[in-house]
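Peer 1: Sequence:
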Amino acid sequence: MITYTLNGVRRSFEGDPEESLLDHLRIENRITSAKDGCSGQGVCGACTVEINGRARLACRTKMKSLEGSEVVTTEGLPEKFREVISTSFAIKGAVQCGFCSPGMIMRAKALHNVNPAPSRAEIIKALSPNLCRCTGYVKIVDAVAAAFTELNEDREVLHNAPAFDSLNIAPAAEARPRSANAMPSAAVGEPYPKYMATETALGARDFVDDMHFEGMAHGALRFSDHPRATVVRIDIAEARKAPGVIRIFTANDIPGEHKTGLIFRDWPLMVAEGETTHCLGDVMAGVVAETEGMARAAARMIKIDYRVLEAVTDMHEAARPGGVEVHSGRSNVLETCSIGAGDVRKAFSEAAWVAAGVYETQRIEHAFLETETAIAMPEDDGIRLYSQGQGAYVDRKAVSEILGLPAEKVRVIQVQNGGGFGGKEDITVQGHASLFAWHLKRAVKVHLNRDESIIMHPKRHPVWMDISLACDSNGRFTALRLNALGDTGAYASVGTKVMERVVGHATGAYSVTAVDIKAVTVYTNNIPSGAMRGFGVPQVTFAIESCIDEICRMGGFDRWQIRFDNALEDGKRTATGQLLRGVGLKKTLLAVKNQFAAAKFAGIACGIKNTGVGNGMTDDSEVLVEIISDRKVIVSHGWSEMGQGIHTMAVQILHHETGIDPEVIEMKVDTAAGLPTGMTTSSRATALMGNAIIDASSRLREDLKQGSLQQLAGRIYRGRYVCDWTCKPGEKTDDPAIHFAYGYATQVAILDEEGKVTKIIAAHDAGKIMNRMLFEGQIEGAVHMGLGYALTEDLPMENGSPVSLKFNDLGLLRADVMPEIEVIGIEEKDPVGPYGAKGIGEIGMVPTAAAIANALCAYDGIRRTKLPLRRERKIINK
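When we follow our numbering, the leftmost residue of the sequence shown carries the number 5, and every step to the right adds one.
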């Protein structure tokens with residue numbers, strides 16, 4: 005027996021001494037503030053707890069080591085510390101998805117135990133064992149520093165105050181410490197804290213894997229052993245006899261559609277005997293058992309006989325006619341997208357300077373800290389699904405097709421997730437959990453560990469680009485030619501749309517009149533590629549911005565001036581022919597001009613990114629504002645909260661339009677509301693939902709003039725916004741409007757004498773900055789991701805298999821290697837966005853890698869044409 009103290013309570017443990025403390029906390033004690041982000045690899049820090057006053061990883065701590073120890077989680081922190089640190093995390097913007105926040109707080113508590121007044125550098129060092137994929141760490145460090153300052157002031161004031169305690173009299177108001185964390189206004193434009201930020205910071209708000217239902221069973225998936233092989237036999241006999249197994253499922257148990265897909269129906273829920281696998285992420289079978297451990301043990305016992313086939317892994321070979329088909333009977337070339345304008349041949353023949361080269365970008369992992377989990381259960385004669393996906397109504401459609409049910413029989417409740425970045429658009433475990441629950445008529449949870457997550461969900465597209473850029477003697481860009489190839493892996497996902505963005509953004513942030521642009525989307529047996537922050541635009545921006553600097557080197561042009569002279573502005577057209585309005589690009593260039601000029605070694609790059617609305621499709625958003633009482637107003641919509649702050653935008657807009665107290669506004673994403681909504685992606689949610697809330701608010705505001713909120717109890721206000729005025733690229737029209745709106749940016753990377761990145765300056769035109777704190781946090785987080793993309797991140801594959809599945813090998817940057825990030829906000833209002841707002845979630849990382857590549861070339865004269873950028877010495881500031 006092991007005796008220890010947990011949050012002040014003496015405990016005895018008589019179980020497996022090899023059990024991890026994390027499993028003991030989460031499974032046996034239902035203490036879920038300690039999160040599972042790396043499946044026991046001990047590298048993410050999300051499970052950090054305090055043991056005997058020191059920060060320790062619960063996933064790496066065995067129960068046998070805890071005899072006589074004192075264990076503290078966020079639930080057991082001193083009340084004052086809990087209040088101050090969680091409020092500081094909220095007020096300072098340290099919470100985005102919030103999955104990392106409890107671990108960060110526990111790491112901060114351990115620091116406070118030994119050093120209550122640390123320097124900023126000491127805070128950064130202390131937090132560096134913990135990863136964050138959302139924030140770029142800036143605001144987490146700010147929050148810890150502010151909290152420690154308040155705690156120290158509190159102690160000092162109370163120490164110097166009269167000793168009233170013996171008389172049971174509270175000190176006078178002026179003797180009490182004032183909180184530095186006063187709640188700001190919720191009006192649009194103000195830095196109002198993220199929705200449910202304090203609860204999220206402490207781990208008190210559930211993610212899907214934190215949820216538990218009485219009688220819930222657990223599922224585990226058996227994945228393919230080969231990227232391409234014919235399945236001869238799936239033997240479940242031995243696994244069926246394993247302890248705790250309830251049932252084993254195969255493709256034969258699917259009552260409806262066997263395949264799903266966001267655009268093309270090509271992705272099987274499970275691969276049947278006689279069929280061929282297409283990647284390692286293919287599911288062969290699923291086991292449901294009483295515990296997750298039992299389900300996983302049984303899944304490993306499933307024996308599969310294969311006829312192994314040669315995998316198609318090189319996208320160039322896959323694109324050649326007559327090659328081996330990834331999907332039998334279907335060409336490996338999924339789509340060829342092209343646009344042309346002007347006399348390209350003539351422009352190149354007359355050009356004063358031409359920069360040309362082949363540029364390549366790598367496959368990278370989203371690395372959201374929360375891996376995929378879904379819980380499904382029977383509800384009436386249908387299914388209720390708790391999903392962390394990026395589209396509740398898209399999930400509903402897929403699950404209803406799998407089960408052969410009408411869509412209204414599937415109810416999806418979207419649970420705020422622990423990061424998405426595009427990687428949770430395609431369904432992963434939602435279909436399996438729903439299938440299992442449908443057959444068993446009981447709740448079933450399916451959870452992926454980190455290895456499974458990496459092999460199952462789509463990645464950022466590796467893109468090969470042969471590009472040429474021409475200019476005249478004055479440095480005016482006259483022509484661009486691009487031939488691009490993108491590896492979309494085993495399944496289409498949204499690969500064709502990603503490569504279409506490569507085409508549409510190939511001219512970057514500049515006006516180029518003659519273009520010949522083509523991009524080919526190719527199937528291979530690699531892990532699928534799909535949506536990821538930037539959606540193909542960071543790849544092509546790296547190529548064109550490198551060409552611009554090469555032209556400057558050849559022609560002696562100033563690198564800032566050539567960009568300014570060619571920059572898009574009001575009245576100019578994109579490569580797709582769209583006439584632009586509300587363009588703040590030149591203002592972003594002016595904002596960085598002096599610092600760029602003053603730096604000895606610096607790179608500059610501009611970026612443009614569409615808001616993902618339009619492309620000839622009708623897009624809309626509906627909301628319901630339900631008045632329950634004067635203390636409760638529920639806003640229902642269909643958009644996924646994944647750290648970007650869409651719920652906060654809803655609160656602020658409704659408050660701004662109606663004056664309703666933001667503290668009484670609650671958010672709900674539940675398909676029972678009947679508000680069909682598309683995918684939460686491509687910086688589009690605020691634009692569509694914001695306009696819909698403004699529409700609903702117009703009637704509510706008028707009614708509030710006649711009566712109080714309490715008098716309106718029971719009323720529901722519906723709002724809607726429709727964008728139906730865009731066209732497809734190449735469509736014949738006098739004034740083509742391909743996209744709803746664009747965001748614009750200029751970034752500068754500054755290096756020191758050793759060639760290390762010491763500062764990133766990010767100037768971004770957001771149209772209207774709806775919440776400056778969240779705006780800065782989104783840009784800082786995007787820059788962090790862009791730095792990794794440029795310098796360290798990679799997911800190399802050999803013969804269709806990742807070289808490594810270790811989370812630490814993904815190359816994610818920690819706090820102690822991050823350079824300074826200066827965010828500059830520009831507000832050039834968009835004509836159609838709410839209050840003039842433009843998307844900011846994606847544009848933040850579009851120019852980063854390009855700016856760093858140009859900075860390195862300025863430093864040593866070497867033009868690097870592949871990401872990640874390679875050097876013998878480290879090129880990040882440490």
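Worth flagging that the hints you see were computed from the coordinates, not collected in a lab.
Each hint should be verified, as a subset may be incorrect.
Think about it this way: if two alpha-carbon atoms lie no more than 20 Å apart in a straight line, the pair counts; the simulated EDC-like pairs of lysine to aspartate or glutamate are [said to hold, decoys possible]:
(1) Lys-772 to Asp-562
(2) Lys-636 to Asp-624
(3) Lys-68 to Glu-126
(4) Lys-522 to Glu-364
(5) Lys-591 to Asp-562
(6) Lys-604 to Asp-756
(7) Lys-350 to Asp-476
(8) Lys-401 to Asp-624
(9) Lys-66 to Glu-22
(10) Lys-445 to Asp-476
(11) Lys-129 to Glu-824
(12) Lys-307 to Glu-277
(13) Lys-66 to Glu-126
(14) Lys-597 to Glu-573
(15) Lys-307 to Glu-242
(16) Lys-66 to Glu-32
(17) Lys-245 to Glu-294
(18) Lys-245 to Glu-203
(19) Lys-413 to Asp-20
(20) Lys-760 to Asp-864
(21) Lys-760 to Asp-820
(22) Lys-604 to Glu-757
(23) Lys-763 to Asp-146
Beta-carbon label-pair distances, calculated as ranges [what the hints assert, rightly or not]:
(24) Ala-360 to Asp-665: 53 to 61 Å
(25) Gln-599 to Pro-800: 33 to 41 Å
(26) Leu-313 to Lys-350: 44 to 52 Å
(27) Gly-44 to Glu-18: 18 to 26 Å
(28) Glu-802 to Glu-18: 20 to 28 Å
(29) Pro-21 to Met-215: 23 to 31 Å
(30) Val-312 to Gly-193: 54 to 62 Å
(31) Asp-470 to Lys-576: 34 to 42 Å
(32) Val-236 to Glu-294: 26 to 34 Å
(33) Glu-18 to Lys-129: 35 to 43 Å
(34) Asp-470 to Lys-810: 41 to 49 Å
(35) Asp-470 to Glu-314: 22 to 30 Å
Here a beta-carbon is modelled for each residue, glycine too, at the ideal position from N, C-alpha and C.
Peer 1: Which hint numbers doesn't this structure obey?
Peer 2: Of the numbered hints given earlier, those the structure breaks are 1, 2, 3, 10, 13, 18, 19, 28, 31 and 34, listed in rising order.
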